[in-house]
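Trainee: Taking the hints into account, I'd like the entire structure generated from these sequences.
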Amino acid sequence: MKLASRHLLGLDGVSHDDIELILDTAVTFKEILNRPIKKVPPLQGKTIVNLFFENSTRTRISFELAQRRLSADVVNFAASGSSVTKGETLKDTARNIEAMKIDMVVIRHASAGAAHFLTKVVKANVINAGDGCHEHPTQGLLDMYTLREKFGSLKGLRVCIVGDILNSRVARSNIFGLQTMGAEVSVCGPSTLMPLEIERLGVKVFHHLDDVLPQVDAVNVLRIQMERSAAGLFPSLREYHRFFGVTSERLNKVNRPIAVLHPGPINRDVELSADVADGPHSLILEQVLNGVAVRMAVLYLLGLSE
Amino acid sequence: MSNAILLQQGRLIDPSNGTDRVVDILIENGIIRTIGSRVEPQEGCEVLACEGKVIAPGFVDMHVHLREPGYEHKETIATGTLAAAYGGFTAVCCMPNTNPAIDDESIVQFVQSQGKKSNHGIVDVFPVGAVTKGRDGKLMAPISELVQAGAVGLSDDGAPVHDAGIMRRAMEYASMYDVPIIQHCEDVPLAKGGVMNEGETATRLGLPGIPNVAEEVMLARDVMLAEFTRARYHAAHVSTAGSVALMREAKRKKIGVTCEVTPHHFTLTDKEVSSYDTNTKMNPPLRTQADVDAIKEGLRDGTIDVIATDHAPHSLDEKDVDYIQAPFGIVGLETAIGLAVTELVETGVLTLTQLVEKFSTNPRKIIGKAIVVAEGQVANLTVFDPSAQWTVDCAEFHSKSKNSPFNGARLKGKSVAIFNHGRIFINEHYSG
Amino acid sequence: MDTTQSIIDAKGFERTITRLSHEILERNKGAETLGIVGIRTRGDYLARRIAQAILEGEQVAVPFGTLDITLYRDDLRGRLSQPMLKTTDILYDITGKNIILVDDVLFTGRTIRSALNALMDLGRPASIQLAVFVDRGHRELPIKADFVGKNIPTSNDQEIRVLMAETDHEDAVLLITHQQEGDAQ
Numbered sequence: 047m048k049l050a051s052r053h054l055l056g057l058d059g060v061s062h063d064d065i066e067l068i069l070d071t072a073v074t075f076k077e078i079l080n081r082p083i084k085k086v087p088p089l090q091g092k093t094i095v096n097l098f099f100e101n102s103t104r105t106r107i108s109f110e111l112a113q114r115r116l117s118a119d120v121v122n123f124a125a126s127g128s129s130v131t132k133g134e135t136l137k138d139t140a141r142n143i144e145a146m147k148i149d150m151v152v153i154r155h156a157s158a159g160a161a162h163f164l165t166k167v168v169k170a171n172v173i174n175a176g177d178g179c180h181e182h183p184t185q186g187l188l189d190m191y192t193l194r195e196k197f198g199s200l201k202g203l204r205v206c207i208v209g210d211i212l213n214s215r216v217a218r219s220n221i222f223g224l225q226t227m228g229a230e231v232s233v234c235g236p237s238t239l240m241p242l243e244i245e246r247l248g249v250k251v252f253h254h255l256d257d258v259l260p261q262v263d264a265v266n267v268l269r270i271q272m273e274r275s276a277a278g279l280f281p282s283l284r285e286y287h288r289f290f291g292v293t294s295e296r297l298n299k300v301n302r303p304i305a306v307l308h309p310g311p312i313n314r315d316v317e318l319s320a321d322v323a324d325g326p327h328s329l330i331l332e333q334v335l336n337g338v339a340v341r342m343a344v345l346y347l348l349g350l351s352e
Numbered sequence: 005m006s007n008a009i010l011l012q013q014g015r016l017i018d019p020s021n022g023t024d025r026v027v028d029i030l031i032e033n034g035i036i037r038t039i040g041s042r043v044e045p046q047e048g049c050e051v052l053a054c055e056g057k058v059i060a061p062g063f064v065d066m067h068v069h070l071r072e073p074g075y076e077h078k079e080t081i082a083t084g085t086l087a088a089a090y091g092g093f094t095a096v097c098c099m100p101n102t103n104p105a106i107d108d109e110s111i112v113q114f115v116q117s118q119g120k121k122s123n124h125g126i127v128d129v130f131p132v133g134a135v136t137k138g139r140d141g142k143l144m145a146p147i148s149e150l151v152q153a154g155a156v157g158l159s160d161d162g163a164p165v166h167d168a169g170i171m172r173r174a175m176e177y178a179s180m181y182d183v184p185i186i187q188h189c190e191d192v193p194l195a196k197g198g199v200m201n202e203g204e205t206a207t208r209l210g211l212p213g214i215p216n217v218a219e220e221v222m223l224a225r226d227v228m229l230a231e232f233t234r235a236r237y238h239a240a241h242v243s244t245a246g247s248v249a250l251m252r253e254a255k256r257k258k259i260g261v262t263c264e265v266t267p268h269h270f271t272l273t274d275k276e277v278s279s280y281d282t283n284t285k286m287n288p289p290l291r292t293q294a295d296v297d298a299i300k301e302g303l304r305d306g307t308i309d310v311i312a313t314d315h316a317p318h319s320l321d322e323k324d325v326d327y328i329q330a331p332f333g334i335v336g337l338e339t340a341i342g343l344a345v346t347e348l349v350e351t352g353v354l355t356l357t358q359l360v361e362k363f364s365t366n367p368r369k370i371i372g373k374a375i376v377v378a379e380g381q382v383a384n385l386t387v388f389d390p391s392a393q394w395t396v397d398c399a400e401f402h403s404k405s406k407n408s409p410f411n412g413a414r415l416k417g418k419s420v421a422i423f424n425h426g427r428i429f430i431n432e433h434y435s436g
Numbered sequence: 008m009d010t011t012q013s014i015i016d017a018k019g020f021e022r023t024i025t026r027l028s029h030e031i032l033e034r035n036k037g038a039e040t041l042g043i044v045g046i047r048t049r050g051d052y053l054a055r056r057i058a059q060a061i062l063e064g065e066q067v068a069v070p071f072g073t074l075d076i077t078l079y080r081d082d083l084r085g086r087l088s089q090p091m092l093k094t095t096d097i098l099y100d101i102t103g104k105n106i107i108l109v110d111d112v113l114f115t116g117r118t119i120r121s122a123l124n125a126l127m128d129l130g131r132p133a134s135i136q137l138a139v140f141v142d143r144g145h146r147e148l149p150i151k152a153d154f155v156g157k158n159i160p161t162s163n164d165q166e167i168r169v170l171m172a173e174t175d176h177e178d179a180v181l182l183i184t185h186q187q188e189g190d191a192q
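Chains as they are written, first to last, in my numbering: chain S, 47 to 352; chain D, 5 to 436; chain U, 8 to 192.
These are calculated hints, taken from the structure and not from any lab test. Bear in mind that the values here come from a model prediction, so they are computed numbers and not experimental data. It cannot be assumed that every hint is accurate.
[Claimed, not checked] Residues on chain U that point at chain S, a partial pick, calculated with CB under 7 Å: (1) L78; (2) Y79; (3) L83; (4) L92; (5) T94; (6) D128.
[What the hints assert, rightly or not] Subject to a maximum C-alpha distance of 35 Å in a straight line, what follows is the list of computed DSBU-like cross-link-like pairs (lysine-lysine): (7) K166/S with K137/D; (8) K92/S with K93/U; (9) K300/D with K169/S; (10) K84/S with K36/U; (11) K275/D with K250/S; (12) K76/S with K151/U; (13) K151/U with K169/S; (14) K196/D with K48/S; (15) K196/D with K137/S; (16) K250/S with K406/D; (17) K406/D with K147/S.
Virtual Cβ for every residue (Gly too), placed ideally from N, Cα, C.
Mentor: And the structure:
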């Protein structure tokens, strides 16, 4: 059992078998997370650095927990603010890390392609924890794990991703991964938040939730960034909520349950109403637990490749 | 040293007078003495065998960045003109985005004098002056002084002249002289933050896009202004099918506009960006196959007048960053002929005569530096071998910078030698 | 040519299981405090058989579970391909129990070392006792079985194969001797 690549940079191009291997391996780790002692030794002696050029407490904690539960040594490098997000610093930082004999790097960066760039300057395994608007593969995997656990299989599953597709790495990883696993993916959001030619990725495009909800088994609701409104991409958060917010009223128009996912953190009553977020069909807290198990699986499978 | 050289049995192509025949050319003291089907070599006369090679009026690359003054770590006038000589160019037009910008006659003179000192002045350096002071799009640069000092065109290249009122006045003012306004067409708010062509590939890669329309909106406006002011206008590096259509329509209406295309825009598409190789990042960006096809058709039917490289050297460190941080631009002088022959002549898009037009006749007409290959004229020649096969090795480039996406490419067509100002420069990398 | 010798047949196999379960009950004075854990894959089947034998003899259902030791192996690194991870399925609390750890063949002792670590991560048993079907010697760690089905002294070019009906269509223990090409002449 082995992944085709020694890095995880995205789900674009990752094979069906590799995704299945990661998801199956994560089942084992989820069992471990339910034990009294939630720690196993396979990455003992491995050193992993979490290189976060963008703030993301949740993703970092999830990775760190996964690393510690596999008995790896963990170093956190948080660099936020404009002066250190310059590319040259990324290269310098990476080279310094290389010199300190680090085995794996988990990187979060504001620039699409930053993780690819890192693989060219260091020998360590690289895991992309989000690069600009490109990909966030472990989020995509944990969403797929959650859906697979809920529905038994991803094949033929109908999933709609709702919100700011243009700026979302979560959307891209979900689109690529879900399609590889045989799911039908659609996207729904304001036309100004749809990237050009998104339909060429094989997704159906909707601009009205009421059109798409009757056709899906699950919705993955993206976080809307407040600053997009300021950038003139849509008029106001109030209008966004009225026309693109996932509410129980909208969901109830469909005569069967629709599972709801959200990568967090939620803007309650903007993209998702509070009663849906806390409601019976919300998988949001499952996603958080599954995130640790999926990251353990990825770290385990990559960490042992030589 | 002998002052005579005989070019034997080369195919002389000079579109300006319709010449296309195999000849011997005797050059004495830098002057073409005899052109004939057979010229006997005199004693002590050097001989250059030119069977299978093309002898053409000296090529000019009307769009290069020599980076001096101000950015000598990327390129200097000496290294840039050496790259031009190896690439088969006897002249280059250098863009004014230096530091300080070429917005003052003293800078024009400085660039010219550096050109004359470099490589014995075998490559003519023709400065392009700024349209506005400091290239900031606000106040008109001293256009009369720049032209009088020798500027062959006016451009704020890289920083488009955004204000239509200022563009109108600059066009009107420049039309007192026989120089073109050269515009980098890009509507800045439309292109804002973009690093590659907007479309499927950018969507897949999550990179911010530059839409076609950012270029076309400004080109359409400028064509209307050119018609209104009757000024000479030249669109730099057109990259989209829409731009080609706009130019075709403008020419049909006999508006005084010309345009150029770069070798990378007729060779590569935005699919190349998928590797996040920063040597695929340039502005305008690589577009789609449909755009490449339209550009080739524009070259074929004469809509596109000129092939120019937009030679934009950047140091290794500057390009060795993530894609978004990386600067735009690639070097082009040393791969231009190879790419043009491989992509255009070998594929039947252009004849060799048309190729010579795009590299020499047309750009020289636009910048007012026309020449003719005839007895009694100064020998300003490019000799190239259209069937030479070679592999690009960026490490061998003579440019100070090696930022090219073509490393390892197999090309057909290579420069053999250039002649200018009584000197000959032989490309020692050519082995025929 | 390899030579294969049958050491235990199906009948002997069943008798050995019965004897092992008796010894376990005798040592622990009944089945009340016991928990059984089998190491994947064949230790798992043996553990089920022992639990079944105890159920038939004593009418006590001993809690039973399966241990996957992959994550605890000391040879995990540097392999071209990782073994497929399987789940550990121990649905009872092992704390305070006398755990019978079951495996098919005791050889170097490294598997048992891994299993002990894995078990300790699951809780704090009162004791752990080791039951193996075959002890073939060649220990590399100070580990000794409490219950042994059969001691079979072997050399390095020999292999013990425990076959079980659950996966192999029959119950048997085979001793395979690999002959070097040079020896055959």
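Trainee: Return the numbers of the hints above that this structure violates; sort them in rising order.
Mentor: The structure conflicts with hints 7, 9, 13, 14 and 16, although it agrees with all the remaining ones.
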